[in-house]
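Mapping of the sequence shown onto our numbering: residues 9 to 575, in sequence order.
Treat the hints with care, as some may be off.
Taking lysine to aspartate or glutamate and the EDC-like style, the derived pairs with C-alpha atoms no more than 20 Å apart in a straight line are [to be verified]:
id : residue 1 : residue 2
1  : K364      : D151
2  : K195      : E360
3  : K315      : E278
4  : K364      : D257
5  : K338      : E360
6  : K124      : D445
7  : K81       : E360
8  : K312      : E220
9  : K247      : D257
10 : K246      : D273
11 : K84       : E360
12 : K124      : D86
13 : K545      : E203
14 : K165      : E203
15 : K338      : E551
16 : K124      : E435
The following label-pair restraints were derived from C-beta to C-beta distances [claimed, not checked]:
id : residue 1 : residue 2 : range
17 : F172      : R134      : 20 to 28 Å
18 : Q249      : D53       : 21 to 29 Å
19 : P45       : P258      : 15 to 23 Å
20 : P258      : H105      : 48 to 56 Å
21 : R431      : R281      : 47 to 55 Å
22 : K165      : K558      : 51 to 59 Å
23 : P45       : N102      : 27 to 35 Å
24 : P510      : I171      : 30 to 38 Å
No lab work stands behind these hints, which were simulated from the structure alone. Virtual Cβ for every residue (Gly too), placed ideally from N, Cα, C.
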Amino acid sequence: MLFNKRSIHISVGILKYYDFDGELQKVFDASYSRIPPINWKSWLDISSREEYELFALKISGLSSIDNLFERIKVEKTDSRLVSIDVKSFSDSYNGSHPLYLCHTSGTSGVQLSDLKWFHMSKEVVRNRWAPGMQAIFQVSGLDSSSSVVVFVPSRIKSDGMSIFEGKKLIKLYSSEFSQRLMLSLIKPLSYLLYEYKDANSLQTIARLLSMEKISVVSAPASTVLGWADLMRLRQGLKKSQYIVSDNEDPELSELMGLIESLGFDTATIEIQRRLSDLMSEATLVFSISSITEREWSIIRDFMKWEKGAERFTNLYVGSEIGPFAANIHKDVPELSSNERMCVFPLTLPVIERRGKLDLITRSEYRIGRLLVSYMNCRDPIINVDTGDVIMIESQEGLPMIAGEVLRAEFRLKSKLMIPPEVRAPKEYNVFVGDYFDLEGLEIVNPRRLLLCLAKRFNFDKRSSMVLRKGLDDRSWSMFLPITQGNKHSNISKIWKKLPLCPGGDSIMFAIERGSLQLGTLDQNPVKTQIPRTELLKRVRKGELPKGVLKRWPLYVVVPLTISEPKL
């Protein structure tokens, strides 16, 4: 039996609680509000590699494991091996604590049945998730005397709280789990928590504008841009104007009165101004990995930030590993860069590069795949593959990594339409990601290359590039979407601009040595078989995971016989 989501709206003085599933938050509070706080600021006093390693060994529970340092150099664990089968795990669970299960976002384009699920045991939450979420939000300025605004993904159909054979079962995206855990730990003065899809609705905006003392806004950059971009805000308000029915909501009545007196377009401008004023003193909590400079500019204007004086907390939280890193060093002048993140000593991190595995504090490489070790109850989990690539900025003391976390290449399961001009193999696999190491050709964050070329040649930045394995198995062909009447932008012109763009040097070098050819298309080279508008509807209905909406900057097409896109 799945409980219906029940929105709670409580107002006492300035205390306001707006929650699309307030009953679930009560269960979280009962489970987690008594977890004692930790002194995470002591992490910033770690002064050497050895001290960090001792902290990580102790907190992760690995200090008693024999031959650990030998094992981490040779062992790896697929993340699916630490996931669970929901039905069999639920059948065998006999604990008195509610059963909390979290799932990933499904970026490979999978069906709901293929999502990975993880058990959030008391030990996992107390040892990894709670300390990390406390650090992230307290450094952002949230405490029991201030308020927070939170937006989470649209749930899949099975998400929420239910009773399974007499046991309380809670299933959520790990992102919603972490936010609700944060509310239980910090107990803010008031909060608003809704799904992404409702961020621009009249009802949500009305309630948001009624709040006070907002110190933190935790939402994806796309949600903030939905308020900062006047056209997107107007579209959201307009769409929801005709489905509003709660005439007893005083905040909504006030907003509807504003629209009636000013007219819709003028009222939208006024609403945006009020939102900007309301949030101008708040800190934004989001990942900066996918934000372009143009989007940064829009956000700065909306938040009233001067360039270089932005107030945000960049974070990296993984479903398999929990909160891993954030820029918690804001008050340490010598570590002042907001775009670098401190690695929490909650797990033992390892970097893998070209077959070599070393502790993050000892690796000779500055970029590589992240593997993480920790104790899971009584069992050591050695080198769980996160599927992400990080760049090391500092190894002394508390390790620091670059603000951008890259997704390592992986096979895409969803079906695509690729133009015949690409001459894809009859049967093929498609790999996507933000990082590819194709032996002699390393491609790091191809989104930057795509955006740079799009700006110089005026094609749609939402387009993608395709890298196709040559029919002779010895070369690659890269296709760029030179659209919007730019057919006169020939290959030689593009070639000359490559060194001016991030990552363009490696592409140019591959061309010069004959292992890569460059081609152009007059359309976006990749389209999903199901139209994006239909995918969006199905995600909002909970029929598909949100990951199917991910647009990748580079798609690598190889014959079906090739399991990995290697040269």
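message = Taking 47 to 55 Å as the stated bounds, is the beta-carbon spacing between R431 and R281 within them?
response = 53 Å, holds
message = Given a hint of 20 to 28 Å, does the C-beta separation of F172 and R134 actually sit inside it?
response = 24 Å, holds
Given hint E203 paired with K545 - CA-CA distance at most 20 Å = 14 Å, holds
message = Holds or violated: the 27 to 35 Å window for the beta-carbon distance between P45 and N102?
response = 30 Å, holds
message = Tell me if the beta carbons of P258 and H105 are separated by a distance inside 48 to 56 Å.
response = Hint violated: Cβ distance 39 Å, outside 48 to 56 Å.
task = Decide if the proposed pair is consistent with the structure: K84 and E360, CA atoms, cutoff 20 Å inclusive.
result = 10 Å, holds
task = Check the following: the C-beta atoms of Q249 and D53 are separated by a distance inside 21 to 29 Å.
result = Since Q249 and D53 have Cβ atoms about 53 Å apart, the given range 21 to 29 Å is violated.
key: Whether the CB-CB distance between P45 and P258 falls inside 15 to 23 Å   = 36 Å, violated
key: Given pair status - E360, K195, alpha carbons within 20 Å   = At roughly 39 Å apart (the allowed maximum being 20 Å), E360 and K195 break the hint.
request  = For the pair we were handed, K312 and E220, check the Cα-Cα distance against 20 Å.
outcome  = Holds, at about 18 Å.
request  = For the pair supplied as a hint, K246 and D273, confirm whether the alpha-carbon distance does not exceed 20 Å.
outcome  = Between K246 and D273 the Cα gap is close to 10 Å, so the pair holds against 20 Å.
query = Per the hint of 51 to 59 Å, is the separation of the Cβ atoms of K165 and K558 within bounds?
reply = Distance hint for K165, K558 is violated at roughly 20 Å.
Violated hints, listed in ascending order, are 1, 2, 3, 4, 5, 6, 15, 16, 18, 19, 20, 22, 24; each of the other numbered hints is respected by the structure.
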